[in-house]
Every structure is written in structure tokens, then in C-alpha cells.
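Engineer: Turn these sequences into a full structure, and let the hints steer you where they fit.
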Amino acid sequence: MNRGYTGKVLHINLSNGDSEIRQIPERVLEDYVGGKGLAAWLLFNSCAKRIDPLGPENPVIFAAGPLTGSNAPATRGVVVTCSPLTGLFVDSYYGGHFAQEIKYAGYDAIVLTGQAEAPVYLYIEDNEVQIRDADQLWGLDTFQTNGTIKKELADDTVKVASIGPAGENLVPFALVSCEYNRQAGRGGVGAVLGSKNLKAVAVKGGGTVGVNDRNAFFQAVNQARNELAADATCQELTRAGTASSLWFANEQGLLPVHNYQNGQFNPKGLAEDAQKDQFWLRDVGCASCPIRCSKIGVITSGKRSGTISDIVEYETAALMGVNLGLEDIREVAYLVNLCDALGLDGMSTGSVLGFAMECFEDGILNSSDYGQINLTFGSKEHLDIVIKQIAFRQGPLGRLLSQGTARAAQELGSNAEDKAVHVKRMDFPAWGPRGVPGMGLAYLTADRGACHQRAFPVGNEAGGEPWNGQQVERLAVKGKAEIVVQQQNYSASLDTLVKCDFGSFGISQESYIELYEAATGDAMCEGRLLAIGERIWNLTRLFNLRQGMSTEDEKLPQRCLEPLPDGPAQGHKFTKEDQQLMLQEYYEIRGWDNLGQPRQDKLIQLNIKEEVF
Amino acid sequence: MTKKIVADFSLCTGCAICLLACSERVTGGFNPRYALMRIENKMDGLVNEPILCSQCTNAYCQQVCPVNAIEVVNNDQVLKINQDKCNGCGLCEKYCPHDVIVIHDKRAAKCDLCDGEVRCVSQCPTGALQLVERGELHE
Chain A
1 MNRGYTGKVL
11 HINLSNGDSE
21 IRQIPERVLE
31 DYVGGKGLAA
41 WLLFNSCAKR
51 IDPLGPENPV
61 IFAAGPLTGS
71 NAPATRGVVV
81 TCSPLTGLFV
91 DSYYGGHFAQ
101 EIKYAGYDAI
111 VLTGQAEAPV
121 YLYIEDNEVQ
131 IRDADQLWGL
141 DTFQTNGTIK
151 KELADDTVKV
161 ASIGPAGENL
171 VPFALVSCEY
181 NRQAGRGGVG
191 AVLGSKNLKA
201 VAVKGGGTVG
211 VNDRNAFFQA
221 VNQARNELAA
231 DATCQELTRA
241 GTASSLWFAN
251 EQGLLPVHNY
261 QNGQFNPKGL
271 AEDAQKDQFW
281 LRDVGCASCP
291 IRCSKIGVIT
301 SGKRSGTISD
311 IVEYETAALM
321 GVNLGLEDIR
331 EVAYLVNLCD
341 ALGLDGMSTG
351 SVLGFAMECF
361 EDGILNSSDY
371 GQINLTFGSK
381 EHLDIVIKQI
391 AFRQGPLGRL
401 LSQGTARAAQ
411 ELGSNAEDKA
421 VHVKRMDFPA
431 WGPRGVPGMG
441 LAYLTADRGA
451 CHQRAFPVGN
461 EAGGEPWNGQ
471 QVERLAVKGK
481 AEIVVQQQNY
491 SASLDTLVKC
501 DFGSFGISQE
511 SYIELYEAAT
521 GDAMCEGRLL
531 AIGERIWNLT
541 RLFNLRQGMS
551 TEDEKLPQRC
561 LEPLPDGPAQ
571 GHKFTKEDQQ
581 LMLQEYYEIR
591 GWDNLGQPRQ
601 DKLIQLNIKE
611 EVF
Chain B
614 MTKKIVADFS
624 LCTGCAICLL
634 ACSERVTGGF
644 NPRYALMRIE
654 NKMDGLVNEP
664 ILCSQCTNAY
674 CQQVCPVNAI
684 EVVNNDQVLK
694 INQDKCNGCG
704 LCEKYCPHDV
714 IVIHDKRAAK
724 CDLCDGEVRC
734 VSQCPTGALQ
744 LVERGELHE
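Residue numbers (the numbering used here), protein chains in the order written: chain A, 1 to 613; chain B, 614 to 752.
It is possible that part of the hints are untrue.
Cut-off 25 Å, straight-line C-alpha distance, at most; resulting in silico cross-link-like pairs (DSS-like, lysine-lysine) [claimed, not checked]:
hint : chain 1 : residue 1 : chain 2 : residue 2
1    : B       : K693      : A       : K150
2    : B       : K719      : B       : K655
3    : A       : K303      : B       : K655
4    : A       : K8        : A       : K276
5    : A       : K602      : A       : K573
6    : A       : K268      : A       : K150
7    : A       : K151      : B       : K707
8    : B       : K655      : A       : K150
9    : A       : K609      : A       : K49
10   : A       : K204      : B       : K707
11   : B       : K693      : A       : K204
12   : A       : K609      : A       : K576
13   : A       : K276      : B       : K707
14   : A       : K388      : A       : K303
15   : A       : K609      : A       : K478
16   : B       : K719      : B       : K707
17   : A       : K478      : A       : K602
18   : A       : K204      : B       : K719
19   : A       : K151      : B       : K655
Rough simulated footprint, nothing fancy, chain A against chain B, three-plus residues with beta-carbon under 8 Å [said to hold, decoys possible]:
hint : region
20   : 627-638
21   : 685-699
Since the hints were made in silico from the structure, they are not lab data. Predicted model, so just to flag it, every value in this text is computed and none were measured. Beta carbons: idealized from backbone N, C-alpha and C, even for Gly.
Structural biologist: Right under this line is the structure:
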């Protein structure tokens, strides 16, 4: 029977080379669907004890959802593991075409455990799993790896996910590069693959994804496409990608200027017009997505001439550009592309470089101790060299920064720790929260540490979007927990499908439900959908608590306690009391106790228990 | 043949909506691998080039078919594989220079312009694909 799902998980143990196809229990699909939900369940039940992120027991789970591989618009893939950056749950999403191929090969998820003795890559063609020698690939960048594997397999149609030198060298913010030019960027999944000596996963699928009710599905697809076409935010993404958010963030004082010291910085040199002028040639869309928010082109002037780059997204334009005081998009595009090639998360890399700049400025770091390298706000000098040193963990500065901002700061002492902008060791995304307190709570409570994609109350606080029909008081602290909880639950529920955040700006909840029902034949309603999101949120919480996280870790960095010097929320800061109030409100709404632990009745209500799979 | 689909690569985003629609018509399920066209990724992702059936006048697929299964239909407009005659030998697939014929369920399939309502063209979000009358481009 066609139902979107394949119902199967492929387990591969790299220690002994064994692989096994397991049927997913029906009740797991009912409670967790696919994507984030299925992967969180697989991670939680893979091991009853605390996991060492770089140990063989840590599973890397590439998961798809029931819509993945169909023509439902704006879906992505997810990879879930225990993060070497945070030591906690991490789910990292990627567009492109890799997740679809997992479905065509016959799986809802692929689970990788163990550790190969020597560098290998996986070739999965339907039921066949080959563990192939990767000596010739080790050391190659992600783009070279993709091309070399296709050449070796003599097949351009295989889809590849790979790591670069940063993943090989276990940099805890190493990414996974997914077919093509899309990255599962955050949380260091690339280092977990590196710890397994696994350079890449290549997949080729000969099966098809069928849906339960073809006519209803096509109708839902058309409806979702129409919603995307009619939505102003999605239209803007089609025109300018995420780059135009720089204007909004600047106006609202939310930019991460000079390591989050300020909130405003004229983004003219970095935003969409500059990108268009300097290198964009055409739009690029992920599988089955009409939005086409990505752009691609080639730099044809200056020192970085010849660099082929996709759009510099808002996050990286802000963290590698605004954050470092750079105004030439060609240099920023080159540096972000360098990160993609070396397999480094461009966001965390930008963050750790901004942190280093402030440390040099304040004399915490001295160039004489660091090979005469000096990083200065506004100067591009040495940045490319330091990025390479980080990826290869070379040189005193490269080795220091390759640990990530939080650990580097810890090594340098308390003055430096005051400048480390992270929650639970995950560097902040490019939305400064001092003028949008709800966003601060979102960072405090996101399952993977400071993350802007689990809840985004910025839209309500500074973007004028009403909440339950009411305007939201921007700087209020009280009442923000409800927004954050509901957005987290909704987002998690759709990440089971797996949705793209941008698609969800336009596609209505009704359409997602219709797509799910028509694809799977399973009836869905709003209540059940949100309960799925809430269940996932409690399960990842239990996982994080098992990993040793406590309420002590739920605090904003010192920078957020200093008054914001500019923008409409000038002078605003968080107090410790603000944070306490928001967290207590949050725990209460979630049904968690004062220590942030889910209460037993909540777990029973959501049917959450430890099991073995 | 009088009609064919042509592509403007500069408008192609690589989203594969065309391939998904086409593969669904061929197989009843989705997998771009079974589409009767394909998209090449070239120059490190700088280019996505759609490759389509040329609806050749002197078609190799038709000439190599040992059972004469590839027939001219719709008043000389398009070459179509007669599924009752096709024995799935794969020669047409092998000698198609564009690699846009696929074998599915032991039968060959080639682009027949959807018998009228051309899905890849109608669903392309950017207008990168167009159905043209032969000679139209040069007029």
C-alpha cells in the first residue's frame, strides 16, 4: 500500500560492517511520524546511558519524512545525533536532494553507529550496502569529495553527503555537506561522522515514493503551491533569498555587530543588491520547491575572482560579515564558501572569529602569542588563514578557536568568558535578543542550544505579526513563554514531515494536514499534530537531561546583561530576574518542575517511555 | 515531428518539479530517475541544464527498436512507444544520445508530450520549459 512512508530504517554498524533493515513499529510512526520525531525517538532509544558524542555508540541518523521525495513543496532532510559542540541533542536540517534519495532507496531513516578502522565511505543502493575505502578521499574538501565519488562510481545521479577536513579533524562545529551546496550546518554533525572515520554517504535509490490518495494529494500540493505564490514573505524570498533580512535586522537593532556589542550596521555592501551586483546569476531551488530562495553565481572581480558561490544567507552575511565588520560581499562570500568547502559551520565560525577579534581588541589575545596573527574588526586580514587553521586544527590560534567559542573562552579565563556569546555552547544565531526578549527565551530553551529555528518570536515582537489576534508588547518579558512553547511545538510537529521553515511561512497548517493525510492515509487534526510536537519536545528534553544538562545551563551570556547601545530597543538588557521569570513561566506551561524536568503525568499523557529498538 | 519541449537553462532552478511530475506519470510514484528528461548539474552547481527528448526526425530509438514499437502518433506530432509491442529490450534506452528513455516495469518509456497536457511545462515555476512547434524558434 502506498503511504508516503517506507516503514523501514537501515542500521549500519561501521565497527563490524553489519547492516540490518528494521521495520519501524506502527505506534512509533503514529506518535512521532518521521524526520525529527522518528530520529529523536531512534536517538533516545539507541542507548540508555549518557552518550559520548565522539564515541562509537553515538548514532548519526539521517531521517526523511512521509512527504520527502514526493512533489510536496518546500521539504528538507534532517540529521540527528548527540552534538560534540553541546553534548546534547542536535537536529540539523538541509535542503537539496539527498534526503529524497534515502526514500527512493527504500528507507525513512539511515542510522550509522560504530567506528571504522580506517577512512571509509558508504555506498547504499537500495538493499545493497557497500563500505568502501576512502583513503583517496581523506583530506579532500566537500565539493571535491562529491565529484570524486561520482567519478569513482561512474554515476552522476548518486546523491552524496560528505564531510570536509574540519569533520575529519573533529572540529565540534563541523558540518555535513549535502547534495548539492546545501549544508547540515549546526552542532558539529560532521565531527561525529569524522569520529566514525566516515567521509561520506552516497545513496542511489531505484524505488518510488507513492501516496495513498493521489487526487487528494495533488489537490493539496496545488493548494500549498498557491499559498506559497500568494505569500508576501515567500515572494520576498524568491526575489532576494534571506539576504534582505539584513535591512529588517538593522532597522530593528538586532544585528550581531562586532560580536553582538551593537545591533545596527549599514548592510548595503552585504545585502541582496550587492550580492546580485557582484555575483548572482540565477535562482536555485531545493527538490520540489518553487520558492527558489537560493541564488548562485560567480565572482568576476577582485582578489576572489573565479569563486563560485551560492547566496550568502542572512545568517552567514551577518555572522561572517556584520559581526566581523566586513562590508565587501565578495570577501564574505569567499570566506563562507571556504567554510562550506572545509566543512565548517559558517555561523559558528563567524561567531568564534568575532569573539577572537574582541579578545584581540581587549588584549586578552596578543598577536605575539599567536604567530603574529592579529584579527581586527573591519579587517579581512588573516581571516582566510585562520579559517583554514581552524579546520585543520593547526597553529596556536587555530587550535584554540577550533574548540568553539565556549571552550576557547573557558581556556582563556573569565574575561574572555564574558565575551563568549552562546547558550549551552551553541553560538548565537544572527539575531541579537536584547531588543526581543522572547527570542532570548527561545535561545535559552531550544533543544539544540541557542537556535533561531525552533521558535522565532522576533516576528511577533519586532515584525508586527499579531499573536492570537493581539499585538505583542515588544519588550515585555511576561507572556513570552506561551509564544515560545507554541511555536516550538508547531515547528517540531512539522519537522516530522520534514518541512522547510521558509515554506511554513506560506503553507497553512490545513495544507500540511491535508498533505499528510493524502500521503499516508492516516487522519490528522490540529490537536494531534501539536501533541506530536510537544511529545518530541519532551523526549529531546529527557535526552538532554540524561546527557547531564541542568537549569544551570539555561542562562544567557554576559553580553545580554549589558545594555544594547543602539536601535529602537536602545538601553534594553536582560536581568537575571527576567530570565528566571521567563523560564519559570515556560516550565510551568510545559508541565515541567522547577528543575526543568518533565513531570511524570506529562510523560504519561504524551505516552513517552524508554524502550529498546 | 512537429512539436518538442525546449529548455532555457538560465531559468532552471534545479528544483526537479518537472522530473517529479514526469516520473509520477510514468510509474505512479515519485523518483526523478524515472523521468523522461533529466537535469545535469554542471560547473560546480553554477549550471542546471535540463536535457529533454528532441523528438528527433530521424530518431535512433525508433530505428533500433527490433519490434517497431515506436510509432508516430497524433498526426505526425510525436513518437510514442506502443506498450503492447515493446518487449523491454532496452535498445532504445541504450542508443538515445540524450539518455532520456527509461525502462520501468520491463517496458520502455519515452517523452510523448503527455498526450497533450505537458506536465513538466505546466508545472515549471519559472517558465524554463516551453512546448514549441518545430521551426518556431528560428522564425
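Engineer: Does B:K707 sit within 25 Å of A:K151, going by the straight-line distance between their CA atoms?
Structural biologist: holds, 20 Å
Engineer: For B:K693 and A:K150, compute the direct alpha-carbon distance and say whether it is at most 25 Å.
Structural biologist: violated, 33 Å
Engineer: Compare the distance between the alpha carbons of A:K303 and B:K655 with 25 Å, and conclude whether the hinted pair is satisfied.
Structural biologist: holds, 24 Å
Engineer: Tell me whether the statement that chain A covers the region 627-638 of chain B is true, taking a Cβ distance below 8 Å and needing three residues at minimum.
Structural biologist: holds (count 8)
Engineer: Does A:K276 lie within 25 Å of A:K8 when you go C-alpha to C-alpha?
Structural biologist: violated, 44 Å
Engineer: Verify this for me: three or more residues of the region 685-699 of chain B with a beta carbon less than 8 Å from a beta carbon of chain A.
Structural biologist: As far as the region 685-699 of chain B goes, the hint is violated, because 0 residues have Cβ atoms under 8 Å from chain A.
Engineer: Regarding the pair B:K719 and B:K707, is the alpha-carbon distance no greater than 25 Å?
Structural biologist: holds, 14 Å
Engineer: Verify the proposed pairing of B:K655 with A:K150, using a straight-line Cα cut of 25 Å.
Structural biologist: holds, 13 Å
Engineer: Just to be careful, I want the Cα atoms of A:K276 and B:K707 compared with a cutoff of 25 Å; is the pair within it?
Structural biologist: At roughly 42 Å apart (the allowed maximum being 25 Å), B:K707 and A:K276 break the hint.
Engineer: Do the alpha carbons of A:K609 and A:K478 lie within 25 Å of each other, as the hint requires?
Structural biologist: Violated: A:K609 and A:K478 sit about 33 Å apart, past 25 Å.
Engineer: Is the straight-line distance between the alpha-carbon of A:K609 and that of A:K49 25 Å or less?
Structural biologist: Roughly 14 Å separates the two Cα atoms, so the pair holds.
Engineer: Given the hinted pair A:K388 and A:K303, is their alpha-carbon gap at most 25 Å?
Structural biologist: Within the cut-off at roughly 18 Å; holds.
Checked against the numbered hints given earlier, the structure breaks hints 1, 2, 4, 5, 6, 11, 12, 13, 15, 21 and satisfies all the rest.
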